[in-house]
Amino acid sequence: MSDDDKIDEILNRWDDGYSVDSELAERVRAQAEAPSPGEEIVVWIGNALLRPGLAASFAAVFVLVGMGLSQLITGGARDSREELTLSYRLSIDPIYRLQAMTGADQFAHQGGVATPRKPVEASVLLAGLGWLQGALDLSEPQYRKVSALHNYYEVAFDELFTELVESHREFQALDRKRMENDVIDYFKLYELLQNQKRLSERSTQLTEELLSKVEQVIEPAQRARYRKLLDNIYPRPSHMDEETTDA
Amino acid sequence: MPSDSANDQELMRGLLKDAPGSLERIIERWQRPLYSFIYRYTQNEFATRDILQETFVRIYTKRHKYRFSYPLSSWVFTIAANLCKNKARWHQRHPETSIECLSVKGERRSRPNLLEVLPSEDDLPIDAIERDEDLGTLKNAVAGLPHDLRTAVLLHHYQDLSYKEISDIVGCSTRGVETRLYRARKLLRTRLAEARSLEESAQKKTAQPKAETVGPTCASIAL
Numbered sequence: 001m002s003d004d005d006k007i008d009e010i011l012n013r014w015d016d017g018y019s020v021d022s023e024l025a026e027r028v029r030a031q032a033e034a035p036s037p038g039e040e041i042v043v044w045i046g047n048a049l050l051r052p053g054l055a056a057s058f059a060a061v062f063v064l065v066g067m068g069l070s071q072l073i074t075g076g077a078r079d080s081r082e083e084l085t086l087s088y089r090l091s092i093d094p095i096y097r098l099q100a101m102t103g104a105d106q107f108a109h110q111g112g113v114a115t116p117r118k119p120v121e122a123s124v125l126l127a128g129l130g131w132l133q134g135a136l137d138l139s140e141p142q143y144r145k146v147s148a149l150h151n152y153y154e155v156a157f158d159e160l161f162t163e164l165v166e167s168h169r170e171f172q173a174l175d176r177k178r179m180e181n182d183v184i185d186y187f188k189l190y191e192l193l194q195n196q197k198r199l200s201e202r203s204t205q206l207t208e209e210l211l212s213k214v215e216q217v218i219e220p221a222q223r224a225r226y227r228k229l230l231d232n233i234y235p236r237p238s239h240m241d242e243e244t245t246d247a
Numbered sequence: 001m002p003s004d005s006a007n008d009q010e011l012m013r014g015l016l017k018d019a020p021g022s023l024e025r026i027i028e029r030w031q032r033p034l035y036s037f038i039y040r041y042t043q044n045e046f047a048t049r050d051i052l053q054e055t056f057v058r059i060y061t062k063r064h065k066y067r068f069s070y071p072l073s074s075w076v077f078t079i080a081a082n083l084c085k086n087k088a089r090w091h092q093r094h095p096e097t098s099i100e101c102l103s104v105k106g107e108r109r110s111r112p113n114l115l116e117v118l119p120s121e122d123d124l125p126i127d128a129i130e131r132d133e134d135l136g137t138l139k140n141a142v143a144g145l146p147h148d149l150r151t152a153v154l155l156h157h158y159q160d161l162s163y164k165e166i167s168d169i170v171g172c173s174t175r176g177v178e179t180r181l182y183r184a185r186k187l188l189r190t191r192l193a194e195a196r197s198l199e200e201s202a203q204k205k206t207a208q209p210k211a212e213t214v215g216p217t218c219a220s221i222a223l
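One line per chain: the protein sequences are A and B, in this order. Taking the numbering used here, the leading residue of the first sequence gets 1, the next gets one more, and so forth. Taking the numbering used here, the leading residue of the second sequence gets 1, the next gets one more, and so forth.
With the rest of the complex left out, here is chain B:
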């Protein structure tokens, strides 16, 4: 998202003066990017709505603490990232099982079922499934990243923030952002490669018994 710092500063000045509609304008401007970040961080819509609201409540109640020398993007994403981190910590201490993650038999599953796979018109069904599996693996890999790596990679890819802005949010130097992005991508690549090799070995295992069962039948036909 292109930053518009002059407009942002103007919006914050309005909010500080309690100008009518100023909060609505801030929300209108930042709702989309914040939702996008929080959703991909938490990967849960309810948690996202909750954190999004809390982020704006903090922006509103702590508006007097905003320093105009910093870009507004850094401030709002810092609030959101901290709330995401707190939420993640809370979930670690209070683990729960989501209904969405349970199959019909009540077993956990790591991949979406076939009904959830929506192929585009151009794809063959098998292509769509493979693509979706990649996306599922990547989502899991992102969810498994440490807080600062996850924050850096999501802000860099989806919000188009500068290294300086990301460094303010993550709390490191711009060089540190580069390192974090490199480490995050390396971890994502590793997870994707691991998932693919697991998939391939599973396919081989399922293919071998079939060949064994098909073999004798063919032989008996030949006889």
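In isolation and in its complexed conformation, chain A is listed as follows:
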């Protein structure tokens, strides 16, 4: 008898002691249809609140516990969520990227902690896309399509961002000149403002294009969640219009 046969022979002797569980279906149905623990707690609290004394105690406990927890939880959760939404918005909105950069510049000029300026790298887009995948529960093919779209637009966003930075520097130079000489070059100022308006419109248009294309590759339920997320992190006039149809 070979070793394999010997193993097979021993495995064949391994009895599982099976006996039919006639009540299994009943238990499975009961467990499957039972409310989740969260729902049970809500029902229990609802019943308890019908009694005034208990309700007052609950209110006091909730207030105290809530105050403590809000300090502990919301800080960390909000920080990480905001960081991710910031990453995503930075990757789809050159104007916002410029605001973030100039804000950081101003902070550095004011004599605060001089943080080295980090270039906007692919990691920002990756972090934002990773957050989006989790938030929308994107499948692998959907994630690939959404990533491809973002990568495609990333080039245009980067070029636009470079133009925005250049325009911003020119504006700063003009402002310095005004401060030093007390002279305003109105023609130059008009040109700069026109250019900034054009770049701003282009940025909005590109962002709108990307977002609408992303919406085309995701499911309706995901689309609704996506719009909700965008409304929270990046209020868009078009979405606000859609939601306020009663006007």
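Think of the hints as simulated: they come from the structure by calculation, not from any bench. A couple of the hints might just be wrong.
Beyond 10 Å from chain B on every Cβ pair, some chain A residues (computed) [as the list claims (entries may be wrong)]: (1) 7; (2) 16; (3) 18; (4) 24; (5) 31; (6) 133; (7) 174; (8) 195; (9) 215; (10) 219; (11) 220; (12) 227; (13) 231; (14) 232.
Simulated pairs of lysine-lysine, DSBU-like, Cα-Cα distance not exceeding 30 Å [said to hold, decoys possible]: (15) 164/B <-> 186/B; (16) 85/B <-> 62/B; (17) 204/B <-> 186/B; (18) 87/B <-> 186/B; (19) 139/B <-> 65/B; (20) 164/B <-> 204/B; (21) 139/B <-> 205/B; (22) 17/B <-> 65/B; (23) 164/B <-> 65/B; (24) 62/B <-> 87/B; (25) 205/B <-> 62/B; (26) 65/B <-> 228/A; (27) 6/A <-> 65/B; (28) 17/B <-> 164/B; (29) 164/B <-> 205/B; (30) 188/A <-> 177/A; (31) 164/B <-> 6/A; (32) 213/A <-> 228/A; (33) 139/B <-> 87/B; (34) 65/B <-> 145/A; (35) 6/A <-> 139/B; (36) 6/A <-> 85/B; (37) 197/A <-> 177/A; (38) 65/B <-> 85/B; (39) 164/B <-> 85/B; (40) 228/A <-> 197/A.
Where is the CB? At the ideal position from N, CA and C, for every residue including glycine.
Chain B: place on chain A using the hints.
The following block gives chain B in isolation, referenced to the frame of chain A:
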């Protein structure tokens, strides 16, 4: 267990439509094979009953996620195997001592005691003990296999699933299943051989003192 995919698909269609008795029919069809797999994976009856129930709850609650392009066997065993894996992880993090594994003095034992050895009518008692020791060693060896090897060997030997079905469950290619089965059997052979050599060396050690004690007594008798 021979697969009956047409019947399985019919059962799942019934479950999706919430047809009366459809859940009962699914349970009737899959209770035995799932129990067999889970029991040999966990080697604990209570855990088996628990995981078996949870498996059917998942089949019922996630029935809309079932894809008809896959055999039902792959789906139900994937659910069961994942639950077994989760349970095993939980036990690793929360180690506990089973009453069944303790001897009277409270010491752990790796082998069954003599009272648990039930010889068949054809065997001599010593044969039955040796056979049972082999089975005990093999059970321990199976319990010590990594998840994917254990799942592959149990599904292949007891459920008669195809390599394709096992590959869906374990999450690898059919070639990967072959490799896993080869590695699992190699590990089982090694463990059995180690246990036998340990047994033999223990027997030699116990035989030597006896010979030493018997020797002088015989000599004194001769004198």
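With the threshold set at 30 Å, check whether the alpha-carbon distance from residue 164/B to residue 204/B stays at or below it. Roughly 47 Å separates the two Cα atoms, so the pair is violated.
Please work out if residue 164/B and residue 85/B have their alpha carbons no farther apart than 30 Å. holds, 21 Å
Please verify whether residue 65/B and residue 85/B have alpha carbons no more than 30 Å apart. Within the cut-off at roughly 21 Å; holds.
According to the definition I'm using, a residue is off the interface if its beta carbon is farther than 10 Å from all beta carbons of the partner; does residue 232/A meet that for chain B? About 29 Å separates residue 232/A from the closest Cβ of chain B, which puts it past 10 Å; holds.
What's the verdict on residue 139/B and residue 65/B, does the C-alpha distance respect the 30 Å limit or exceed it? This hinted pair is violated, its Cα atoms lying about 35 Å apart.
Take a quick look at whether residue 65/B and residue 145/A sit within 30 Å of each other, Cα to Cα. The hint holds at about 23 Å.
For the pair supplied as a hint, residue 164/B and residue 205/B, confirm whether the alpha-carbon distance does not exceed 30 Å. violated, 49 Å
Run the C-beta distances from residue 18/A to all of chain B and say if the shortest one exceeds 10 Å. violated, 5 Å
Holds or violated: residue 65/B and residue 228/A, Cα atoms, limit 30 Å. The given pair, whose Cα atoms are some 26 Å apart, holds under the 30 Å limit.
Taking only the CA atoms, is the gap from residue 213/A to residue 228/A under or equal to 30 Å? holds, 16 Å
Pair hint residue 6/A and residue 139/B, alpha-carbon separation not exceeding 30 Å: holds, 14 Å
Given as non-interface: residue 231/A, which should sit over 10 Å from chain B by C-beta: holds, 30 Å
Hint compliance for this structure: hints 1, 2, 3, 4, 5, 19, 20, 25, 27 and 29 are not met, and every other hint is.
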